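Single-letter residue listing:
2 protein chains.
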Amino acid sequence: MKDSTNNNTLLTKNIITRLAKYLRILKSLKSIGLIKVFSSNLGDAAGIAPTVVRKDFSILGINGNKKGGYIIDNLIKQIEGLLGIEDEYKAIIVGCGRIGKALIESEELKREHIHIIAGFDLTPSEPLNNVPIYTTDKMEEIVKKENIKIGIISVPNHAAIKVFEHMREAGIRGFLNFTSVDIKCGDKCPVGCEHKCVINQVNIGLELENLFHLVHITEKHPDLLIE
Amino acid sequence: MKDSTNNNTLLTKNIITRLAKYLRILKSLKSIGLIKVFSSNLGDAAGIAPTVVRKDFSILGINGNKKGGYIIDNLIKQIEGLLGIEDEYKAIIVGCGRIGKALIESEELKREHIHIIAGFDLTPSEPLNNVPIYTTDKMEEIVKKENIKIGIISVPNHAAIKVFEHMREAGIRGFLNFTSVDIKCGDKCPVGCEHKCVINQVNIGLELENLFHLVHITEKHPDLLIE
Numbered sequence: 001m002k003d004s005t006n007n008n009t010l011l012t013k014n015i016i017t018r019l020a021k022y023l024r025i026l027k028s029l030k031s032i033g034l035i036k037v038f039s040s041n042l043g044d045a046a047g048i049a050p051t052v053v054r055k056d057f058s059i060l061g062i063n064g065n066k067k068g069g070y071i072i073d074n075l076i077k078q079i080e081g082l083l084g085i086e087d088e089y090k091a092i093i094v095g096c097g098r099i100g101k102a103l104i105e106s107e108e109l110k111r112e113h114i115h116i117i118a119g120f121d122l123t124p125s126e127p128l129n130n131v132p133i134y135t136t137d138k139m140e141e142i143v144k145k146e147n148i149k150i151g152i153i154s155v156p157n158h159a160a161i162k163v164f165e166h167m168r169e170a171g172i173r174g175f176l177n178f179t180s181v182d183i184k185c186g187d188k189c190p191v192g193c194e195h196k197c198v199i200n201q202v203n204i205g206l207e208l209e210n211l212f213h214l215v216h217i218t219e220k221h222p223d224l225l226i227e
Numbered sequence: 001m002k003d004s005t006n007n008n009t010l011l012t013k014n015i016i017t018r019l020a021k022y023l024r025i026l027k028s029l030k031s032i033g034l035i036k037v038f039s040s041n042l043g044d045a046a047g048i049a050p051t052v053v054r055k056d057f058s059i060l061g062i063n064g065n066k067k068g069g070y071i072i073d074n075l076i077k078q079i080e081g082l083l084g085i086e087d088e089y090k091a092i093i094v095g096c097g098r099i100g101k102a103l104i105e106s107e108e109l110k111r112e113h114i115h116i117i118a119g120f121d122l123t124p125s126e127p128l129n130n131v132p133i134y135t136t137d138k139m140e141e142i143v144k145k146e147n148i149k150i151g152i153i154s155v156p157n158h159a160a161i162k163v164f165e166h167m168r169e170a171g172i173r174g175f176l177n178f179t180s181v182d183i184k185c186g187d188k189c190p191v192g193c194e195h196k197c198v199i200n201q202v203n204i205g206l207e208l209e210n211l212f213h214l215v216h217i218t219e220k221h222p223d224l225l226i227e
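Chains as they are written, first to last, in UniProt numbering: chain X, 1 to 227; chain E, 1 to 227.
Any given hint could be a false lead.
Said to hold, decoys possible - Below 27 Å or equal to it, Euclidean Cα-Cα: the simulated DSS-like pairs (lysine-lysine) are:
id, chain 1, residue 1, chain 2, residue 2
1, E, Lys184, X, Lys110
2, X, Lys13, E, Lys184
3, X, Lys220, E, Lys66
Stated by the list, open to error - Label pairs and their in silico Cβ distance ranges:
id, chain 1, residue 1, chain 2, residue 2, range
4, X, Asn129, E, Thr135, 23 to 29 Å
5, X, Gly47, E, Lys196, 14 to 20 Å
6, E, Asn74, X, Thr12, 31 to 37 Å
7, X, Asp182, E, Leu122, 33 to 39 Å
8, X, Asn130, E, Ser58, 54 to 60 Å
9, E, Asp44, X, Lys55, 31 to 37 Å
10, X, Lys110, E, Lys67, 56 to 62 Å
11, E, Lys67, X, Lys144, 53 to 59 Å
Simulated from the structure, these hints should not be mistaken for laboratory data. These numbers were taken from a predicted model, which means no experiment stands behind them. For glycine and all other residues, C-beta sits at the position ideal for the given N, C-alpha and C.
Work out the full structure, taking the sequences as your base and the hints as a guide.
Next comes the structure, spelled out in structure tokens:
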């Protein structure tokens, strides 16, 4: 990967999400028997402009052939090499209230090959759908034993930072934050840690507020275009 | 608003989210007694570059004074005029499974002034936290009576499109989609409707998958910078 990519490449979350999308489409095309694909076909299937598709691939050091397009097998190999595809993605949940329990019991997540291997809470509790619920003092042991890197934070807001720090201490590096606390790490890390943590936030209140504003603007100010 | 804004302005969801963020900060500054603010102060508080702050305000037709900054009261008035601020945001939920119930019972949403006024499901059910759960055939009546524009879709994937169309028919214009179905409306609307619907998606599976990739890349390809 190092040889074919630019050392100064700036990968973003959006590019990675798009690459994962291309990968799903490429695998479907391969299963149908296709060998080559054009950026315009991939763009159509992904709902993305072909110029963006070509730019994303050039980041991987992959250049298509104007007449022949891209070789599907090469694209799949390159993207998988970068994204680190696994058969099953393992994660833990800290905070087993209503949202935490809903996620542990989610059939949709299982279908998407996401396996919540344990829940953690302040108080001990019975397993949910065969997923054990431990007290938080067991976190380090379980995370290390199962080599888990990904964790969901679904605790009340007031506990968010403390739980984040505990999870990071235990070895978690990727966080899905369901609280409305804007947790920062890395350069902006409040405790100055050296770990490069990645934090994605799902702020349902903010998403709903954004919707109210968008609908209001669409109705009252139709001259202000929204893309 | 029309007089002070550019008719060709392209507002995006991200700009609107930032404006809502500035608004919260401006109100806090006002409550402390401040009258004026510089873009750099607002940028610091919001974690956003001052050039972006100035660009966002110029979209509203607001220009600061290099020496004096912006007048806080004017900013608040202009942003509220655009975003359509209300004391309480009302919404419905369709699909009262685990996620739907968790949202209806969420104390965090209440604290953020979001009031789920009703839930809808295929089968009748007892009220949850005083929120009535109706069968879906009551949707149009309740939505019209309460003048609701915002709805949450938390049904299984296979029911997503049908439920979306039913909600749109009932008068919902802003959708928070918790399924992993990529629902399109507007120009890409499969049934060619004229309503300008806005659809925000919360795809938890995709968010988690994205985290796995980000952590993998951060560990294995530290030369590929991620912003």
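Going through the earlier hints one by one, which of them does the structure break, listed in rising order?
Per hint list: single violation, 3.
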